[in-house]
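Asks: Take these sequences, add in the hints, and give me the full structure.
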Amino acid sequence: MHPGQNKERGHQETGVQQLTAQEDSGLRLQVIRVCRQLYNKGLIAAADGNVSVRLSGGDILITPSGMHKGFLNEADLIVVDSEGHVLNGPGRPSSEIVMHMAIYRQDPDARAVVHTHPPWTLALNLSGNQLLPHLLIEGRMFLGEVAVVPFERPGTDALAHAVVDALCKGPVQILAHHGAITRGPTLWRAFELMECLEHAARITALAKMLGEPALLPGGKV
Numbered sequence: 055m056h057p058g059q060n061k062e063r064g065h066q067e068t069g070v071q072q073l074t075a076q077e078d079s080g081l082r083l084q085v086i087r088v089c090r091q092l093y094n095k096g097l098i099a100a101a102d103g104n105v106s107v108r109l110s111g112g113d114i115l116i117t118p119s120g121m122h123k124g125f126l127n128e129a130d131l132i133v134v135d136s137e138g139h140v141l142n143g144p145g146r147p148s149s150e151i152v153m154h155m156a157i158y159r160q161d162p163d164a165r166a167v168v169h170t171h172p173p174w175t176l177a178l179n180l181s182g183n184q185l186l187p188h189l190l191i192e193g194r195m196f197l198g199e200v201a202v203v204p205f206e207r208p209g210t211d212a213l214a215h216a217v218v219d220a221l222c223k224g225p226v227q228i229l230a231h232h233g234a235i236t237r238g239p240t241l242w243r244a245f246e247l248m249e250c251l252e253h254a255a256r257i258t259a260l261a262k263m264l265g266e267p268a269l270l271p272g273g274k275v
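Residue 181 in my numbering sits at position 127 of the sequence shown, and the numbers go up by one each step.
To be clear, the hints were calculated from the coordinates, so they are not data collected in a lab.
The reader is advised that the hints may include incorrect statements.
[To be verified] The following label-pair restraints were derived from C-beta to C-beta distances:
{"hint": "1", "residue 1": "S110", "residue 2": "P173", "range": "34 to 40 Å"}
{"hint": "2", "residue 1": "R159", "residue 2": "M263", "range": "37 to 43 Å"}
{"hint": "3", "residue 1": "Q184", "residue 2": "D135", "range": "35 to 41 Å"}
{"hint": "4", "residue 1": "S149", "residue 2": "P267", "range": "32 to 38 Å"}
{"hint": "5", "residue 1": "A230", "residue 2": "R87", "range": "25 to 31 Å"}
{"hint": "6", "residue 1": "P208", "residue 2": "S79", "range": "26 to 32 Å"}
{"hint": "7", "residue 1": "R256", "residue 2": "D135", "range": "35 to 41 Å"}
{"hint": "8", "residue 1": "G112", "residue 2": "I191", "range": "33 to 39 Å"}
{"hint": "9", "residue 1": "L270", "residue 2": "L83", "range": "37 to 43 Å"}
[Unchecked claim] The list that follows gives simulated cross-link-like pairs (lysine to aspartate or glutamate, EDC-like), each with its CA atoms no further than 16 Å apart:
{"hint": "10", "residue 1": "K95", "residue 2": "E249"}
{"hint": "11", "residue 1": "K223", "residue 2": "E199"}
{"hint": "12", "residue 1": "K223", "residue 2": "D163"}
{"hint": "13", "residue 1": "K223", "residue 2": "D161"}
{"hint": "14", "residue 1": "K95", "residue 2": "E246"}
Think of the CB as a built atom: it goes at the ideal place given N, C-alpha and C, for glycine as much as any other residue.
Replies: Shown next, in the form of structure tokens:
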């Protein structure tokens, strides 16, 4: 092989490595910021919840198991391959890694997944009340249909399969007696969907306390 070709290939590989390192660093910072926002907004507590992003090469950057999400730093995050094997990181990946991987396999457009235990959303679910995202125009346009996934034990294949079955209904699912999960083309989109879900749940709960909520008229939207 011509020496110039080797050299050029070496430069290309170095460029790919630098790009991957830059991507990894930027996404780690995003994950930390989103975790802190989720904690500050009361959507998670202590070691609750998990956040992941899919890297350009197909590996997954995910939060660790058993660590307080509000106080993570970038070095705490775990990189796993598409089969869940740890490639980088000091601890164990989230116990919900199976659910995250199942979502990424099923939806090639998903680049980020956020799972939390949002109080108002869970309160509605646990009390047998239905979320009414269509009380407000923003909820109808932004959230779409919100499926409720039947309860399965956290961290199991059964839960992952149940979530995958509901993905066709939209990017937001409530996990019965457990929490909620969102996905998006970016991490910030997945975060915004989670924030919007909890906002809609809070408004639904407050409206039910005051009387019978009035839904948006269908012909006006």
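Asks: Checking against the hints above, which ones are violated?
Replies: none
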